[in-house]
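J.: Top line first, the protein sequences correspond to chains A and B.
Residue numbering for the first sequence follows this note's numbering, beginning at 1 and increasing consecutively.
Residue numbering for the second sequence follows this note's numbering, beginning at 172 and increasing consecutively.
Watch out, some of these pointers could steer you wrong.
Said to hold, decoys possible - Among the chain A residues that face chain B by a calculated CB cut under 10 Å, a handful are:
#1 Ala47
#2 Pro56
#3 Phe66
#4 Ala68
Unchecked claim - When the alpha-carbon atoms are kept at most 20 Å apart in a straight line, the in silico EDC-like pairs for lysine to aspartate or glutamate are as follows:
#5 A:Lys59 with B:Asp361
#6 A:Lys135 with A:Glu34
#7 A:Lys73 with B:Asp353
#8 A:Lys13 with A:Asp42
#9 B:Lys568 with B:Glu395
#10 A:Lys44 with B:Asp361
#11 B:Lys654 with A:Asp54
#12 A:Lys73 with B:Glu355
#13 A:Lys59 with B:Glu338
#14 B:Lys328 with A:Asp62
#15 A:Lys115 with A:Glu158
#16 A:Lys73 with B:Glu366
#17 B:Lys362 with A:Glu43
#18 B:Lys717 with B:Asp623
#19 A:Lys44 with B:Glu366
#20 B:Lys437 with B:Glu579
#21 A:Lys135 with A:Glu77
#22 B:Lys362 with A:Asp62
#23 A:Lys59 with B:Glu355
#24 B:Lys362 with A:Asp42
Quick caveat, the hints were computed from the structure, so don't treat them as lab data.
For clarity, every value in this text was computed on a predicted model and none was experimentally measured.
Glycine included, C-beta positions come from ideal geometry on N, C-alpha and C.
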Amino acid sequence: MQQAPMTEGQVLKIMEKYNNDPQQLIAVLLDIQEASGSNYVDEKWAALAARVLDVPLSKIYDILTFYAMFSTKPRGEYVIEICRSTPCHFTEAEEVVSWFEKVLGIKMGETTLDKKFTLSRTCCVGACDVGPVAKIGDEVYGDLTLEKVNTLVRSYREGLPSFREALACQN
Amino acid sequence: MSHIPDPNKSVNLTIDGIPVTVPEGTSILEAARKVNVKIPVLCHHPDLQVRAVCRLCVVECDGGKKLKAACANDVWEGVNVVTDNARLRGIRRMILEMILAEHPQDCLACIRNQTCELQELAHQFGIYRPGFPVEARHFDIVVDTDTLVRDMSKCVKCGRCVTMCQEVQTVRAINTSSRSVDYEITTPYDKPLIEGLCVYCGQCSSVCPVGAIYENDQTDKVFEALGDKERHVVVQTAPAVRVAIGEEFGMPHGSVTTGKMVTALKRLGFDKVFDTDFSADVTIMEEGHEFLDRLNNKGRLPMITSCSPGWINFVEVFYPDLLPHLSTCKSPQQMFGALAKSYYPSAYGVDPAKVTVVSIMPCTAKKFESERPEMNSSGYRDVDVVLTTRELARMIKIAGIDFPNLPESEYDNIMGQSTGAAAIFGTSGGVMEAALRTVYEVVTGEELDSVDFEDVRGHQGIKKSSVMVGGTEVKIMVANGLKNARRVMNSIRRGECDAHFIEIMSCPGGCVGGGGQPYATSETKRKRMEALYRVDRDMPIRKSHKNPEVQALYEKYLGEPLGEKSHKLLHTHYSTQGKHHWYVPHVTTSKRR
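With the rest of the complex left out, here is chain B (with noise of 0.2 Å):
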């Protein structure tokens, strides 16, 4: 069939009998949706690529004996679809207890119990036993470098993990392999994912609907470090963690929960509640007088920002030539661990060495990057701990906080203030306007009229524009999503590319989308991003140079941007031969009962 759906022509047809009418190209599940009617599925998800290939969402169509899969199938004028019929009914029941019997029935002990989709729907079919004999197949559990791990007894093959790795990400550390009951999702040649190609970005883990692929959780780290009455723990707080985490406990998507998650941090016995914020505008001072530098000084152009750990290791694993365009400043929360172990300890007359520094990342990147050898310039690992979202969460609920009903509460001081160029840096867009802010205004010495650059706002893959400073013209790009970031690195590379300065994220829709956030659709990232900016809208103060904080560090501590100081603790080298060579891979696996 060459016939190419048009948006603008109506297609009427009836869902279990309701009327209903539909742009041309809508899809049965979506349309069905439309009159609420809510098709079971498992292999969908709204952000990817169909792959129909779990056979939950079969309907009729037409009183026809075929069963179309309501995922894959276009509407057309005049059918009338049943979705739900006692033929209907049991198809579905067999699939899933078909699926049961080759999973392990250990849910109590499962990470995503009661998160998990394959759970909520055996439970939304009244499967409260196995309909066959369990013969679920028993895989290690392979924890990578301590950042993801993999199970691959919980693995329902639905593929989500594989087209985001593959289409999106465009990184193709895994895929399916085999054929029939051999069948099975892995990296090439059955290798731990360190020695592949994976850039540790847990896109994977953010849509896969049970408990095969997640995040390494190290909340008992943190537990044990809380405890010990030796350690000094502060904690930072990434920005595009307090727009999110209220989702874990019910809140409205969207919500802006920062006092309630300072409250509860406060309330967990972090010695200091500091903010992430805070290190984005240090950032900022670095990343924004290295620009100038450069475009002064006929350094390397376009400068790329290096915040995004996954897009670190996506540019070390797959154009180490163009490693010379990334900015070398550290991520904010590598710059935060080095002042929090060299700046913090000497004003407050603590012992850095008795300093843990916890990060709370929307990121499983971070847990990563925290790792990397060279992160210890302070003298101590920059950071010690990094939980992501869904990690904190966890120790919330596990510490039988209240989070919704919490008061609010305050960030401590001289590394807790932030502004709103800071609290935007969790978008994608973000880093690159709040540079503007502050080169715009560095350069010409005159305050912006407006500090609002909406080109480089909003979640299309790849954003263009460009600002006058000083008489000079600058253009620059952003772009999310690590398919985004391989075009416009080829086109650098094919020497196409004509931007001076360029934000690069690794997720969709930036840290907002991060691999280690709430699980989440396209929807809800939006709601996340607009909060932000309301965020950004309602600070006093909203460019990084006039954070007073960030102007006392400067003054009493670091001297200047680019200076001395700056460079050891702030700034930091990228290897040309990719992770595996310089990282000492740890795997370890441990056997199913």
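Just chain A, with the same shape it has in the complex (with noise of 0.2 Å):
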């Protein structure tokens, strides 16, 4: 389901909701690319969020390309990030990579194209004691096997979360 395009009226709210604050820029960005359908942070967007917030466009575009859980591009509504710190790395985490380009049929880097899915990676999100892991949205997923990649591309392309809710990280 495509989410209709958001509105300056939106992004405006966002910011109100953070008192129109640049101290809260990061939060204001985050909740932005998340409102945004597409997972990333238009160029109009970060304009406005600069005008109002008084921050310059070129500070902004800074942090949004600092920072690997944001995107200046669109992504899928879902982006699977593989974890490639050291400990994920010795268990693995190649192939794990591996296996959702089977599954998703895409190299890493790239969108699916019913704009589902991106593939990308992240830095280390603290579950190295169930390396390799994957980060969906919020939820971690560790111990990742090819059955395991397998049941979670399908619970989120199906929308079936009860599939994924056993195989989420609970700390």
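Got two chains here, each in a separate frame; can you build the complex from them with the hints?
T.: Okay, here's the thing in structure tokens:
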């Protein structure tokens, strides 16, 4: 289901929620990204935030490109982030990448044609004990196997949350 | 550490065994220079905040294994600093080899060949072949509205341009972005400069150590016009060029080379060599009368000068609500262009359609200004090609002219005579001083006892003073550098500014520090500034309204200041929409080989 494009009013409301406080810039940008429907911060909304919060657009762009959780280009509804930190590297995170690539039919960094999934990498999410891990939205999934990857993708694609609840890390 | 350094306290230390005493708060780098030890640097620039990213300047302190960046660490009592040993040489060489591995190896085809700081360091360290396989990232070369060129393949990510744009000029058009191997310097969302906040001051290009940001070289266009027998090519030279161009030929900084420059231009084949100083005097006539008109008829005050095109762009982008404060006068460059295609052809019987006007400017924003669509009041483009000081030096070198040994010559008649007032247009405070000399005498009808207004001289960011003009106290302000301009504009916006007349220049120090000048630090800019005041002091005429050619212009052609003809040719209007709404952007990119 395609979300309606975000309006200026929505973006202004997000900033109002944070009292238009420039100190809350990262929180504001995260909310804008989430509300965008395409998991990214469009130039138009970054420019609006720059104006309202009185922060230079060039500083906002620096932040958006610095942190791995942000994107300046449209992404899928769900961003699957595979940890590339050392512990996950030793537990064969690269193999997890290849499983997701196979199941989704895309390469690392790409977005599926139905705009559901984007495959990307992330830094440590603090779940090294269950590595290799993948993060989808706010959920972290550990001890991944090809079978689990299959289940996860199906669960998100078909909107069956009960499938994935059992797999999510509880910490 | 909350210790605030006290510059009155002395610190004793040794640099490579040489004892030295310096004030507290001195960096290791500066202390070393005191004893003639030149620690190599790449990201460090004496006029900019320390970034300490290149790490070339690392040194050993008290035999410690941990290295310290000499640019970013202050000295402390008793420390023994080692700046050169096998280990440090190895580290520096490795850093340079790694930078070079990411750098295109086409020095011969680079605009900064022989003025490149990276090239000089590689030479200094005896690096004659790549230490690592070369893996330069290839970016398109972007020519932005014929003004500035960005070739980010050459970028060494020192961040000087970013500090300049963010902190010194507060334009904030460019910044760092991304991380690690993707780390780069760019505009928001990688848009061309024209679509962002850039005001084309070119200060980024004046601190770039390599060929990553530079002026769009238009010398070919000028050589072409000079070779065309059909064209009548006239040239104008801005005040700040004559005290800087000598540096390009190894002459001492602060040399006044007006006569040599005129000879060089004549030898290059210009039909007439005229002076922007002439039109600077015209600017004073118009701007001085405009100020008096506003003062007497309750016009918008404070009135702010409009000579600096980077500054004009800045107001249009950031303070459109305050545009009515700007003088409606065109800049001296554009006034000259309009007159060179109207007054000059009528006096000399030349077809204005065949006149090509070339400007030599210390400035990159002047290129942008000359392209503004409304700058055509003579019926032709006011100015056809703008070259920076650096570009003119290039032409002189190409033509094989031995600049330092040239004899001196005089400017040509009817637009070549000038005054001391016009010369100091090239330094912060100069326009204000020149205006005061004329305004005072126009209002009072009396001769000034002393024409020197010392309060507005020097290179402090903001200068204030007041002058009694015929019973009225006129409060004046002078600002240079856009960070200081921003402070002044904010105070006007808040209604807290009580000045009547304000001079603002985009570049730190005024035009002597322009973005198109030879590469230099504030020390050199100070010498250029002093040189302009020497030019002023030595001029037989030091007030604009006493310039005989300017008097002739008004008698024979314009009538009176602010008259109908003046309004058509010499005044303009500004856009509240900012540059990107009315300007047709033209950006060309070319692939590297």
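J.: Hints first: check each against the structure and report whether it holds.
T.: Verification of the supplied hints:
no. : hint                   : in the structure
1   : Ala47                  : holds (8 Å)
2   : Pro56                  : holds (4 Å)
3   : Phe66                  : holds (6 Å)
4   : Ala68                  : holds (8 Å)
5   : A:Lys59 with B:Asp361  : holds (13 Å)
6   : A:Lys135 with A:Glu34  : holds (15 Å)
7   : A:Lys73 with B:Asp353  : holds (16 Å)
8   : A:Lys13 with A:Asp42   : holds (16 Å)
9   : B:Lys568 with B:Glu395 : holds (17 Å)
10  : A:Lys44 with B:Asp361  : holds (14 Å)
11  : B:Lys654 with A:Asp54  : holds (16 Å)
12  : A:Lys73 with B:Glu355  : holds (17 Å)
13  : A:Lys59 with B:Glu338  : holds (12 Å)
14  : B:Lys328 with A:Asp62  : holds (14 Å)
15  : A:Lys115 with A:Glu158 : holds (14 Å)
16  : A:Lys73 with B:Glu366  : holds (19 Å)
17  : B:Lys362 with A:Glu43  : holds (10 Å)
18  : B:Lys717 with B:Asp623 : holds (16 Å)
19  : A:Lys44 with B:Glu366  : holds (13 Å)
20  : B:Lys437 with B:Glu579 : holds (11 Å)
21  : A:Lys135 with A:Glu77  : holds (13 Å)
22  : B:Lys362 with A:Asp62  : holds (14 Å)
23  : A:Lys59 with B:Glu355  : holds (13 Å)
24  : B:Lys362 with A:Asp42  : holds (13 Å)
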